[in-house]
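Number of protein chains: 2
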Amino acid sequence: MTTHDNWFIEHFQPTGSAIGFRITGKLDEVQSPFQKIEIYDSTDWGKLMVIDGAMMLTTKDNFFYHEMISHPVLFTHPAPRRVVIIGGGDCGTLREVLKHPGVESATQCDIDEQVTRMAEKYFPELCESNGDARAELLFDDGVAYMANCAPGSVDVVIVDSTDPVGPAEGLFNKAFFESCFRALKDDGLLVQQSESPLALLDLIKDMRAEMGKAGFQSFKTLPFPQPCYPTGWWSVTVASKQAGFGFGFRQEDAAAKPFDTLYYTAPLHTGVLVSPPFVAKALGE
Amino acid sequence: MTTHDNWFIEHFQPTGSAIGFRITGKLDEVQSPFQKIEIYDSTDWGKLMVIDGAMMLTTKDNFFYHEMISHPVLFTHPAPRRVVIIGGGDCGTLREVLKHPGVESATQCDIDEQVTRMAEKYFPELCESNGDARAELLFDDGVAYMANCAPGSVDVVIVDSTDPVGPAEGLFNKAFFESCFRALKDDGLLVQQSESPLALLDLIKDMRAEMGKAGFQSFKTLPFPQPCYPTGWWSVTVASKQAGFGFGFRQEDAAAKPFDTLYYTAPLHTGVLVSPPFVAKALGE
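Protein chains in written order, with the working numbering: chain A, 98 to 382; chain B, 98 to 382.
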C-alpha cells in the first residue's frame, strides 16, 4: 500500500489490481495482538478501516457487503432463530442480522476486540444494535467457538472474515467447516465471504471443495458490487447440508421485509440466484 | 494517473477513488487529433486501453460493459432492426449488437478512427464482426451524424461514449438528445453509458433531465460491475419516448438467445430492473 499525495492505494497482488481513495489524513492506528488496524478519513467515502494494509470497509460503501452477507441467507433459511457470526468485528453484519424480527439470538465471535473498539469509535452506525438484548459479543477464537458449539444448535453460521491469510487462515479449511456442519441443524445454512468472482474463482472453487469435504452438499455463490475490495465485485458463498438444495428463498417475506435496505431487494435476490455464465462455467454449475 | 513501480493507477477526482492494474509495459501510444491513446500490457487483465489518462477497457473485463449496453436495450425493444452506435470505437458494442439476428443494420460512428485502429491491433476479438455485411463503420462527429439522421428511421441509439469531458462533452446535452429523439421511431429506445450509480448519481439525474427536455418520457438506469471504471460499479440509462414505459423486456427471447454471453442473462435483466433502494431514492423513482 502507498499513501503518498493524499491517496491511500491498496495494491492487491493476487488480482494484479489496485483500489484507492483520496484521504485527508490518518485518524488512528492500533497494533492489536493480531493485526494492525488503521483508520483514515477521506474526501468522498467517509472513514476507512484498514487492517494489515488491506481495505476493510468505508463508511460510504459497506452496506453492499453487510446486506449481502446477511439478508440472502436469512431469507433462504425457512425460519432462522439462532445465528452465529464468526469474525464480523465491525458489527455491521450483526446489525443487519438483528433487523430480522424472527432472529432470537445472534452471537458475534471475533478474535480481535480492537476491531470492535475502533468500529464503535469511527463507525458508530454499524454498532447501533450491539446493545440489542438478542446480541452476544465475544472476543475469542472463532475456530474454537465453532468446535465447541452444541451439535445441531445453530440455524445460520455467517463467516464474515478477512482474506484467507493471517488470523483468518483457519476459517477456510475442512476442519473449520466440519465444526460448522456439526453445529448447524439439518436445515441450517453456512455463508462465507468468498472474495472476487471475477479474479479469484479458484479460491471459490477451493472453498467449496473444503466445504464439500466437511459434508456440505449444495452451494450457491452470490455476487455483488463492493467498490472498496479488489476488482470492485465481491461474493458470498452459501452452503447447505442438503443435496440438490435449490436456494429458493422466502420471496414474499423478502418483498415485505419490515426494515429498510440500501441495496438488497427481493428481485435482486432472484436475479443473483442465476450465476453469470462465465462464473457458472468456472464453478462447474 | 501514475505508472510507477509497474502499476498503472488512475486517480479519478470526481469520485475521490482510484483504480489500477499491475502492468508489464507500454505497448503503444498515439496522439490522435482528438485525444491521446495508450496501450499497456498487464499481468492479469490482458491489454489496457487508456485515453487521455482514463482507463477505457481491459481485455479481461470489458464484457460486462459491452454486454450491458447492448443486450438489455435490444431485448427491451420489440424488434430492433436499425441500430446506431455513437462512439464505441473499440467495436465491442458493435460485436454484441450484431449477435442479434434480427438486427438488419448497425452503424457505428466514432469521431476518432485511431481508437478503432488500436482496437483492431490490440483487441482483435472485439473487432471480429467489423466485416459483417450489416456493419457500417464511420469516423465522424456523432453529434452531426444524429442531427442528419432521417426522422423516425432508427430503432435503437446506443451512446457508447467516454466521460462527459473532452470529445464526448457534446453527447450529454439536450441538443444531442433532441437529434436522437427525432431519429428514433415512436417505439425507439436510447441507451447511454451513465457512469457510477454509487458515486455519480447527480450526473445520472442531470442526464435524465436533459433527455427529458428533449422529449424522452421514461427512464431506467441499469447497474452492473465494471472493475476497470471508477468505483467498479457502472450503469447504462435507457430512455423511451413513451410515458409510463415499463421497460419490460422480451424475456423468452432473452432466455433463448441464440448466442453466448459471459455476464448477461434474462434473470439478471429481471433483477436489475428494480433499482437498489438508495438509487431509486436518489433518482426520485
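Treat the hints with caution; some may be incorrect.
For identical chains, the list gives no copy identity; a pair is met inside one copy or between any two copies.
Claimed, not checked - Restricting the straight-line Cα-Cα distance to at most 25 Å, the calculated cross-link-like pairs of lysine-lysine (DSS-like) are: (1) K271 / K218; (2) K133 / K271; (3) K157 / K133; (4) K196 / K310; (5) K123 / K271; (6) K302 / K196; (7) K302 / K157; (8) K133 / K354; (9) K282 / K271; (10) K310 / K133; (11) K310 / K338; (12) K378 / K282; (13) K123 / K338.
Just so you know, the hints here were simulated from the structure itself, not pulled from any lab data.
This one's a predicted model, so the numbers in the text were calculated from it and none came from an experiment.
Verification of the hints:
In the homo-oligomer, the alpha carbons of K271 and K218 never lie at most 25 Å apart, since the shortest distance is 36 Å inside one protomer and 47 Å across protomers. Proximity of K133 to K271 under the C-alpha cut-off of 25 Å is found in neither arrangement, the shortest distances being 28 Å within a copy and 52 Å between copies. Taking the shortest alpha-carbon separations for K157 and K133, only the intra-copy value of 22 Å comes in at or below 25 Å, while the best inter-copy value is 33 Å. Taking identical chains as interchangeable, the C-alpha atoms of K196 and K310 are never at most 25 Å apart, the minima being 33 Å within one chain and 42 Å between chains.
Neither within a single protomer nor between protomers do K123 and K271 lie at most 25 Å apart by alpha-carbon distance, with minima of 39 Å and 44 Å respectively. Taking the shortest alpha-carbon separations for K302 and K196, neither the intra-copy value of 31 Å nor the inter-copy value of 31 Å comes in at or below 25 Å. In the homo-oligomer, the alpha carbons of K302 and K157 lie at most 25 Å apart only across protomers (20 Å), although the nearest pairing inside one protomer, at 30 Å, exceeds that limit. In this homomeric assembly, K133 and K354 never come within 25 Å of each other (Cα to Cα): the closest approach is 38 Å inside a single copy and 51 Å across copies.
Only within a single protomer do K282 and K271 lie at most 25 Å apart by alpha-carbon distance; the minimum there is 18 Å, versus 60 Å between protomers. Proximity of K310 and K133 under a CA criterion of 25 Å is satisfied in neither setting, with 33 Å inside one chain copy and 53 Å between copies. Taking identical chains as interchangeable, the C-alpha atoms of K310 and K338 lie at most 25 Å apart only when both belong to the same chain, with a minimum of 12 Å there against 56 Å between chains. Neither within a single protomer nor between protomers do K378 and K282 lie at most 25 Å apart by alpha-carbon distance, with minima of 31 Å and 39 Å respectively.
In this assembly of identical chains, the alpha carbons of K123 and K338 never lie at most 25 Å apart, being 45 Å within a copy and 50 Å across copies at closest.
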